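Protein chains: 2
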Amino acid sequence: MINKNELKYIQSFAHKKQWAQESVFIVEGPKLVAELLDSDWIIDKIYANVEWADMQTDPSLNIQVVEDFELEKMTQMQKANQVIAIVEKKLYMKPIEFETQFTLVLDGIQDPGNMGTIIRTADWFGCTQIITSEDTANLYNPKVIQSTMGSFLRVRVASMDIAIVLKAANLPIYGALLEGSSIYQTNLPTAGFVVIGNESKGIRPEIISLITQAISIPKFGSAESLNAAVATGVILSHWKSQ
Amino acid sequence: MINKNELKYIQSFAHKKQWAQESVFIVEGPKLVAELLDSDWIIDKIYANVEWADMQTDPSLNIQVVEDFELEKMTQMQKANQVIAIVEKKLYMKPIEFETQFTLVLDGIQDPGNMGTIIRTADWFGCTQIITSEDTANLYNPKVIQSTMGSFLRVRVASMDIAIVLKAANLPIYGALLEGSSIYQTNLPTAGFVVIGNESKGIRPEIISLITQAISIPKFGSAESLNAAVATGVILSHWKSQ
Chain U
0 MINKNELKYI QSFAHKKQWA QESVFIVEGP KLVAELLDSD WIIDKIYANV EWADMQTDPS
60 LNIQVVEDFE LEKMTQMQKA NQVIAIVEKK LYMKPIEFET QFTLVLDGIQ DPGNMGTIIR
120 TADWFGCTQI ITSEDTANLY NPKVIQSTMG SFLRVRVASM DIAIVLKAAN LPIYGALLEG
180 SSIYQTNLPT AGFVVIGNES KGIRPEIISL ITQAISIPKF GSAESLNAAV ATGVILSHWK
240 SQ
Chain Z
0 MINKNELKYI QSFAHKKQWA QESVFIVEGP KLVAELLDSD WIIDKIYANV EWADMQTDPS
60 LNIQVVEDFE LEKMTQMQKA NQVIAIVEKK LYMKPIEFET QFTLVLDGIQ DPGNMGTIIR
120 TADWFGCTQI ITSEDTANLY NPKVIQSTMG SFLRVRVASM DIAIVLKAAN LPIYGALLEG
180 SSIYQTNLPT AGFVVIGNES KGIRPEIISL ITQAISIPKF GSAESLNAAV ATGVILSHWK
240 SQ
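For the protein sequence lines, the chains are U and Z, in the order given. Those letters in the first sequence? Residues 0 to 241, per numbering that gives the first Met the number 0, in order. Those letters in the second sequence? Residues 0 to 241, per numbering that gives the first Met the number 0, in order.
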């Protein structure tokens, strides 16, 4: 049995006020939790049904067995899925390494599902570092976490003042714009930044002014815009295949 | 003023039972409706506020002026946006031309937002023909229409038994699979089919058996899967840049 206060606490993560301020976040489902257990992320507590709990062999896990109907009350998914873990956030307060890596920069990507898809796309193409403007959907929004399908475990996502970071780093800054060199004629570097902006508003002017090379995905038809996750995929695919 | 029956009729398009069986569908907002007026699609009726109506110069338009609070009751968006049009569906019952075109084939893409994004992506890369399995999200689902951002006006989308079509056409059939020739080493043809499957279940076995060349987007990291719209973008980008 779970007590009422704990139940309320877990349910409160549905609200931004809660998930934004807490030092922990929630991960659901056996597949994701298995990946977490295999990672260096710290799990504070696990709520699971008896079937899931019985399969665990690590005695150090802090598992509380609960009934399926209790999991249904706790879940933020449409249907509970065996296990809910309370995991400590990583805040990446220490400096990030930019000189040796290709870093994706997200400026104002507000849709959480799109944000999760971008993280998953970066993971697919082996881009393991993303920095995001403070108005980009937060990694710890439960909708972002779930839509990464586990890719948040492998891609380092840090929210920061991207203008300061871009100014400080002496590296090429590519920006995906409607007008720019065709990506098909551009060689993307091993180390550097690629900025992707908000789908309707684009990259903010103060960030545009820091871009050292504008690139664009040529438009062959008449679509109004390209979805930000699709644009990210096209650019990263080009980065890997060039 | 709009009468109660008309209001109920328009509101009923929020439900699949209604939008699936009616011969018309709903398009909202001045930008999309302006594009419609510029196209060969037939608009049966337009409900608009006085500001929008006053700007129209074509006397043949069947416009009913309504109050803003009435539009708010009619809209399926979070907020009404000046104009709602009732448009006749195109059913594409006549044979589609396959021999001279590159046709995207969607097998089991169920998420309407993703479906709309795929149509928009096809439009961006100049791919103007899509055929979809009967279990793919329907074009006339209001969420699909809105998320195409007008691209449904330029891309012909037809729902049909794709197995029959693929069997009948004597053209190369490429299928996006986890195992296959790297797209970076594949030259996609001017005419032919590329099949994209459901993100978690993949392409159905009966369709896989019809594929003449399996292609894949190489995975450089460890993501579980690539979003179907992102995969479509990467493949179409390669098709245009090869």
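FYI, nobody ran anything at the bench for these hints, they're computed from the structure. Remember, predicted model here, so these are calculated numbers, not experimental data. There could be a bad hint or two in this list.
If several chains are the same, the list does not tell them apart, and a pair holds so long as it fits within one copy or across any two.
[Said to hold, decoys possible] In silico DSSO-like links for lysine-lysine, alpha-carbon gap of 27 Å or less: (1) Lys-15 / Lys-218; (2) Lys-166 / Lys-3; (3) Lys-16 / Lys-239; (4) Lys-78 / Lys-30; (5) Lys-78 / Lys-16; (6) Lys-89 / Lys-218; (7) Lys-200 / Lys-89; (8) Lys-218 / Lys-16; (9) Lys-200 / Lys-7; (10) Lys-166 / Lys-16; (11) Lys-7 / Lys-166.
Hints, verified against the model:
For a Cα distance limit of 27 Å, the shortest separation of Lys-15 from Lys-218 qualifies neither inside one copy, at 37 Å, nor across copies, at 34 Å. Within a single copy, Lys-166 and Lys-3 get their C-alpha atoms no closer than 49 Å, and across copies no closer than 59 Å, so neither meets the 27 Å cut-off. Proximity of Lys-16 to Lys-239 under the C-alpha cut-off of 27 Å is found in neither arrangement, the shortest distances being 39 Å within a copy and 45 Å between copies. In the homo-oligomer, the alpha carbons of Lys-78 and Lys-30 lie at most 27 Å apart inside one protomer (15 Å), although the nearest pairing across protomers, at 38 Å, exceeds that limit.
For the identical chains of this complex, Lys-78 and Lys-16 are neighbours both inside a copy (23 Å) and across copies (25 Å), given an alpha-carbon limit of 27 Å. Taking CA atoms no more than 27 Å apart as the test, Lys-89 paired with Lys-218 passes between copies only; the shortest distance there is 26 Å, against 39 Å inside one copy. Taking CA atoms no more than 27 Å apart as the test, Lys-200 paired with Lys-89 passes in neither setting, with 30 Å inside one copy and 32 Å between copies. With identical chains, the CA atoms of Lys-218 and Lys-16 are never at most 27 Å apart, being 40 Å at best within one copy and 37 Å at best between copies.
Within a single copy, Lys-200 and Lys-7 get their C-alpha atoms no closer than 38 Å, and across copies no closer than 36 Å, so neither meets the 27 Å cut-off. In the homo-oligomer, the alpha carbons of Lys-166 and Lys-16 never lie at most 27 Å apart, since the shortest distance is 32 Å inside one protomer and 55 Å across protomers. When the C-alpha separation of Lys-7 and Lys-166 is checked against a cutoff of 27 Å, the pair qualifies neither within a copy, at 44 Å, nor between copies, at 56 Å.
Of the numbered hints given earlier, the model fails hints 1, 2, 3, 7, 8, 9, 10, 11; all others are met.
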